[in-house]
Amino acid sequence: MEVGPLIEFRRVNKFFGSNHVLRDIDLTIPTNQKLVIIGPSGSGKSTLIRCINQLERVSSGQVLVDGVDVTAPGARLAEVRQDIGMVFQLFNLYPHKTVLENVTLAPEKVRGVPPEQAAETARYYLKRVGMLHKVNAYPAQLSGGQQQRVAIARALAMKPRFMLFDEPTSALDPEMIGEVLDVMTGLAHEGMTMVVVTHEIGFARQVADRILFLDNGEIAEDGPPAQVLDSPTNERTKSFLSKVLH
Amino acid sequence: MTIKGFTDLLRPENVSFLVGGLAISVRIAVLTILMSFVFGLLLAVARYSGGRFKHARAARYLGLAAAWYIEIIRNLPMLLIMLATYLLGRIPALRAAIIGMTIFTSAIIAEIVRGGLLSIDRGQWEAATAQGFSYRQTLSYIVLPQALRRMIPPIVSQFITIIKDTSFAWSLGVQEMTGRGTIIFAKYANPMETFFTIAVVYFIINYTVGQAARALERRLAGHSF
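Taken in sequence, the protein lines are chains A and B.
Taking the working numbering, the leading residue of the first sequence gets 1, the next gets one more, and so forth.
Taking the working numbering, the leading residue of the second sequence gets 1, the next gets one more, and so forth.
Hints listed in this document are in silico derivations from the structure and should not be mistaken for laboratory results.
Built from N, CA and C at the ideal position, the CB exists for glycine as well.
Careful: at least some of the hints might be erroneous.
Label-pair distances were calculated between CB atoms; the ranges are [what the hints assert, rightly or not]:
1) Gly-112(A) - Val-15(B): 51 to 61 Å
2) Ser-239(A) - Ala-58(B): 35 to 45 Å
3) Ala-58(B) - His-20(A): 28 to 38 Å
4) Gly-112(A) - Glu-71(B): 48 to 58 Å
5) Pro-153(B) - Arg-76(A): 34 to 44 Å
6) Ser-239(A) - Pro-145(B): 43 to 53 Å
7) Leu-88(B) - Asp-83(A): 51 to 61 Å
8) Arg-52(B) - Gly-178(A): 31 to 41 Å
9) Tyr-135(B) - Arg-23(A): 45 to 55 Å
10) Pro-145(B) - Asp-222(A): 37 to 47 Å
11) Gln-62(A) - Tyr-135(B): 21 to 31 Å
12) Arg-76(A) - Arg-52(B): 31 to 41 Å
Derived, one-sided and incomplete: chain B residues facing chain A with beta-carbon distance under 7 Å [said to hold, decoys possible]:
13) Ala-127
14) Ala-130
15) Phe-133
Build out the structure end to end from the sequences listed, making use of the hints.
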């Protein structure tokens with residue numbers, strides 16, 4: 001049986017005013033792929049990943065998620081978004097809710113999962129990210145790395161089809177980056193489909209099975225880590241990597 | 001101020017007359033606070049949502065209507081609105097006072113609430129939207145609860161203003177506490193003693209409300225943000 005792509009971009013363009021942020025993006029992401037997107041700041045990485053769950057509307061073109069055109073007028077976005085986990089640079093936990101409530105809120109209110117079952121699922125995922133000991137804490141009482149691990153558990157508790165990570169370690173102190181990347185690596189090994197925007201080249205090399213190098217709104221390089229990181233063909237990719245690889 | 005002024009004021013019949021007035025003041029204040037809070041919240045959400053849904057016609061018109069209501073009402077004197085409610089509405093003075101104050105105060109509360117909504121970080125909307133929450137769910141579970149906590153100090157200030165402004169009801173002939181005070185001092189010629197005593201009562205009530213609000217703030221601040 002033919003399995004269609006999980007995520008598909010068809011000639012996607014995005015403008016912010018006169019700023020052309022995404023240029024004719026064509027992209028197909030199959031189930032189980034671990035795709036890492038790298039590139040200089042302002043290259044459109046975050047905009048691209050945010051188009052997948054339509055936090056950002058496209059200016060032209062189409063984005064399909066599991067065969068559903070999410071860019072179509074009247075698309076049932078809330079339904080599509082329930083199945084997409086997203087992790088943000090600034091965590092965006094709900095500050096008025098405890099760690100446990102942060103993880104149970106969407107399953108209960110969006111999916112209608114009974115409270116006891118939602119709490120059980122939440123504990124399972126909080127344990128997996130090593131945050132079970134903080135279930136009753138509030139986000140403000142946690143370190144950045146801890147908040148981001150809770151945010152990952154919050155996304156996983158919705159049992160998403162795939163996960164989006166938008167620079168998940170960029171706001172973290174260096175000593176906390178490892179704990180978050182470890183959780184993400186574990187997730188990748190379990191077969192979760194992941195799209196990750198990051199500056200962590202080491203993580204990309206270790207976990208990705210495909211890397212995109214985005215430059216000025218275009219996919220300048222697309223291939224397995226060995227090819228993109230070690231023998232890039234594009235001049236811009238070479239110059240970017242020489243700066244970040246030291 | 002003289003001892004006689006106070007002994008006249010504190011005769012049992014005068015005390016019970018004043019306490020009866022206080023009961024009316026409290027009744028006006030409580031009803032106005034409750035109704036203004038509900039209407040203010042609705043007005044704020046309408047105006048705020050109108051700004052966010054520029055493409056949905058119904059939401060935009062509702063938002064514009066709320067904005068016009070707020071801008072017109074809050075730029076008029078409250079006493080004028082109370083008098084107009086009484087004279088044009090042809091309703092009993094007490095009811096007119098409560099309704100008039102509610103018409104005015106709702107507009108003030110609405111702007112406080114809208115300010116609170118606008119202060120919530122965009123990331124909260126994004127996180128909730130990405131999880132599949134609807135607009136209404138995001139407002140009620142995530143944005144409003146955070147906004148309401150931030151709004152406690154200005155909202156409570158407004159509640160205290162309402163308690164003090166119940167004295168305007170005297171202008172409609174409602175015998176609330178200040179009004180009954182004027183009746184007493186007209187009889188005993190002790191305005192200083194009467195106003196001083198009434199002022200102490202207002203102060204104690206409002207100071208207590210303010211301190212209760214501070215305690216609530218501290219309790220909420222203790223465990224979150």
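Broken hints, numbered, in rising order?
Per hint list: 2, 4, 9, 12 violated.
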